[in-house]
Amino acid sequence: MALSKNQQLLSKIATNDRHGENSPYFDGWKAYDKNPYHPIDNPEGVIQMGLAENQLCFDLIQKWIRRNPKASICTAEGVHEFKNIAIFQDYNGFKEFRQAVANFMGKARGGRVTFDPTRIVMSGGATGANETVMFCLANPGDAFLVPSPCYPAFDRDCGWRTGVQLIPVNCDSSNNFLITKAALEAAYERAQQDHINVKGLIIANPSNPLGTVLDRDTLRSLVSFINEKKIHLVSDEIYAASVFSTPSFVSVSEIIEEMECDRDLIHIVYSLSKDMGLPGFRVGIVYSYNDAVVNCGRKMSSFGLVSSQTQHLLASMLSDNEFVDNFLKENSKRLAKRHSMFTKGLEKVGIACLKSSAGLFVWMDLRRLLKEQTLESEMNLWRVIINEVKLNVSPGSSFHCSEPGWFRVCFANMDDDTVEVALERIRVFVEKQQVKSKRKFQNNLNLKLSYTPRRYDESVMSPHMMSPRSPLVRART
Amino acid sequence: MTISIARPNDSPYYIGLDRVSEDPYHRLDNPNGIIQLGLFENRLCFDLIEKWLSENTKDSVMGRDDGDLSISGIAPYQPSDGLVEFKVAMADFMSQVMGRAVSFDPSQMVLTAGATPALEILCFCLADPGNAFLVPTPYYPGFDRDMKWRTGVELIPVHCRSTDNFIISITALDQAFNQTRKRGIKVRGILISNPSNPVGNLLPRETLYNLLDFAREKNIHIVSDEIFAGSMYGSEEFVSMAEILDMEDIDKNRIHIVYGLSKDLALPGFRVGVIYSFNESVLVAAKKLTRFSSISAPTQRLLISMVSDTRFIQEYIETNKKRIREMHDLFVEGLKQLGIKCAQSCAGLYCWADMSGLISSYSEKGELELWDKLLNIAKINVTPGSACHCIEPGWFRCCFTTLSQEDVVIVIERIRKVAETCKISS
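One line per chain: the protein sequences are A and E, in this order. FYI, in this note's numbering the residues of the first sequence are 9 to 485. FYI, in this note's numbering the residues of the second sequence are 20 to 445.
Note that these hints are calculated values from the structure, not bench results. It is possible that part of the hints are untrue.
[To be verified] Within a straight-line C-alpha distance of at most 25 angstroms, the following computed SDA-like cross-link-like pairs (lysine to any residue) qualify: (1) E:Lys205 / A:Pro148; (2) A:Lys307 / E:Thr421; (3) E:Lys201 / E:Gly253; (4) E:Lys70 / A:Thr83; (5) E:Lys360 / E:Leu394; (6) E:Lys355 / E:Lys237; (7) A:Lys20 / E:Glu425; (8) E:Lys341 / E:Glu425; (9) A:Lys38 / E:Ser126.
[As the list claims (entries may be wrong)] So these bits of chain A aren't anywhere near chain E, every CB distance computed over 10 angstroms: (10) Cys82; (11) Asp98; (12) Lys189; (13) Asp223; (14) Asn235; (15) Ala344; (16) Lys345.
Positions of the beta carbon are idealized from the N, C-alpha and C atoms, including for glycine.
Produce the complete structure using the sequences and hints provided.
In structure tokens form, the structure reads like this:
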């Protein structure tokens, strides 16, 4: 497509697609934005189940902030600190902030491992953290392996401005989406043959979108794989404290204490956006065991420093051990309850999810509702879920899942009543499907009406409400 | 294992900053420490902000229980390019700070976590790796990091002379453009700072018009870093690029302004930067890039009310100007007593001092030797002109807004001692 004269004034980065916002992952959000559910004002609207946000523990944080006015520099108690905080732009960050974050990270891993505050590097959210790590480890054109299905925005975060490419290592339901050494080796070999320089492996553990945690053996085999190939391991552990049942979370930081490993290859990405439900605070952390990466990353943090006001608040909050211990416990409890409520509700209508113990979402199995086990069928089903059932869920294909029929559904960003509404809508939809199936069976027997799948297409939202490049529109024509 | 990107921190600018943090001056606790004159911290008006805060205290960072001022106003995901209310507040603030000579449209704004990422994001949007921006010298040392480091873009210096008071000439610009083209490098734009850092002067209206003509003729961008627009202490009036564009019917697609609260409101820790562009496509792309550099939500909430208090801002701007002027006059006079002249300036938190009379050899080497003496013997950290790519040796940028009036006396005294040793040896 030829660029307009205006666009020619812009760079390739500004005009290419690697921001990924044309993917269906974001299209569902657009549908939600145009017609958001509200229990009173818009009860027929789209319920947002595509955003992995934890709203279950706001009250705990709210309570702490009220009880600790000194931590807020805009209060009478805290204002005397104002000038020192307002003027502070050192990219090392406040020592107390780094200590508090290190403390929190350790506690999120059950105290089984401690983190060194001098290795804590700030960044603009986990988004910025992943990008910073890539800038430090790889050159444009280099590649990182990534087990798929994976977080859709990894491509943007790891590759948009860095020029790094991500090579998916496909996992599927045949073994519960486990990463196998064989799959990694195969992907690595293929890349070598294609003359692609693989610099490392990036994993999300706990996994997004699966919600599963990596078991010790798998982790050990990943560490030995990267060690053997002398490539990096970036472990995105932003859901470390969003674990609500067993199996429990094992961090790569624990594994390297147990086995021989070149620590210069090990890097952790963290954030407070999920575990604490504070995405608005923009706290991203790069924790590397490699001194050169820490130094380089620290200088890059100038592009995404955490506001000193926020650092000050969190330094206080996260060093309050009583608060942290209670928060972590309560968070797990509430996530467990919500997860159970949601999965049981799905089970009642015969919908299964991948067994998971972490995250703010479930990996829902709708394969049996697909006409055919194809991407197109998945997209068709997804359109129906958005437009008829009015739930914004995320189709597996947007996570680069090679197996059609899986959907990620977030459950922690709403109250209990909304969950009930969502479950009810799903129940109604599934029952309608069963009625339609029966009818189809009967019709086929009678040879009177032939049922065409294209009937579903007529109920699609009018195209002008979708972006012109949306696959929702494309698939229709 | 490779770190793919070379570190930018070998410049004296950064070395000096590091040395100060190792041994910072404190009047009581560390009177022999290094006095910081290399970093633009403006401590002159914190009392005003503290007063405003105590008159407008909230119960917490969240404020009251109603509406937006609860946790749900600060905790969840917000638009990555800033809250609409904050953009509205910043648009009005910018207009106020620039004397209401121009108004800014919040929908043409993208907010970033500081002016540092604002510059980098713009650069990523306007240029490909290997492309170049022309920059008048001397320039802010941080431009090398912000515009070049991760973007792979080159900065081509366009040298300005003290005889022109370091104002850029179009002839020099044209020459630099052609020479760069001959080397096979594509020039994508011009980067200016206005008010200028490190000189502290303003670009006259005519120069702005000439730059616009040049940019249009060559079909390149102009990025105007106007971060010191509200730190004027002279009698001249600041003219923003936006003001010129407002008055003329010019093609605006190539003009972009960078702003922030680190200097004018002395809040560098809060990380508030602005990209203001007249180009819709640039705004669209920049907005997506703010995902990597968004402003913390509680900080936005805190500042919305402060920045919207026009009466307070008016008082702040005027008092700030007055106090900067007092410090400036005191400092410049002190240097004058030592025979050190400063460039004509009317803005910024610094002065541009000509210490070429004190250097042993009229060269970058001589200048750096003097810088070293000033750092290690006089124990003051100033920024040498070579770190700012100045073509004339001997110029030093001295920031004076971290000082109290007593400190100025100490600084001048320390420089005097070094100056005397320099005169003896030359």
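Here's how the hints hold up against the structure:
Taken as a hint, the Lys205 of chain E and Pro148 of chain A pair is honoured in the structure, with Cα atoms around 20 angstroms apart against an allowance of 25 angstroms. Taking the CA atoms of Lys307 of chain A and Thr421 of chain E, the gap is near 24 angstroms; set against the 25 angstroms cutoff, the hint holds. For the hint pairing Lys201 of chain E with Gly253 of chain E, the CA-to-CA distance comes to about 41 angstroms; that exceeds 25 angstroms, so the pair is violated. Among the hinted pairs, Lys70 of chain E with Thr83 of chain A is consistent with the structure: their alpha-carbon atoms are about 12 angstroms apart, no more than 25 angstroms.
For the hint pairing Lys360 of chain E with Leu394 of chain E, the CA-to-CA distance comes to about 20 angstroms; that is within 25 angstroms, so the pair holds. At roughly 43 angstroms between alpha-carbon atoms, Lys355 of chain E and Lys237 of chain E are farther apart than 25 angstroms, so this suggested pair is violated. A C-alpha spacing of about 53 angstroms is found between Lys20 of chain A and Glu425 of chain E, which places the hinted pair above 25 angstroms, so the restraint is violated. Between Lys341 of chain E and Glu425 of chain E the CA atoms are separated by roughly 18 angstroms; this keeps the pair inside 25 angstroms, and the hint holds.
A threshold of 25 angstroms between alpha carbons decides the hint, and for Lys38 of chain A with Ser126 of chain E the separation of about 19 angstroms falls inside it, so the pair holds. The claim that Cys82 of chain A is not at the interface with chain E is violated, since a C-beta of that chain comes within 10 angstroms of its own (minimum 5 angstroms). Interface exclusion of Asp98 of chain A from chain E breaks down, the closest Cβ pair being 7 angstroms apart, not more than 10 angstroms. Chain E leaves Lys189 of chain A outside its interface by the beta-carbon criterion, the shortest separation being 23 angstroms against a cut-off of 10 angstroms.
At roughly 28 angstroms, the least C-beta separation between Asp223 of chain A and chain E is larger than 10 angstroms, which holds for a residue marked as non-interface. Remark: the non-interface label on Asn235 of chain A is consistent with the geometry, its nearest Cβ contact in chain E lying 13 angstroms away (cut-off 10 angstroms). Non-interface status of Ala344 of chain A relative to chain E is upheld: no Cβ of that chain comes within 10 angstroms, the nearest being about 21 angstroms off. Listed as outside the interface, Lys345 of chain A is consistent with that label: its C-beta sits roughly 20 angstroms from the nearest C-beta of chain E, beyond the 10 angstroms cut-off.
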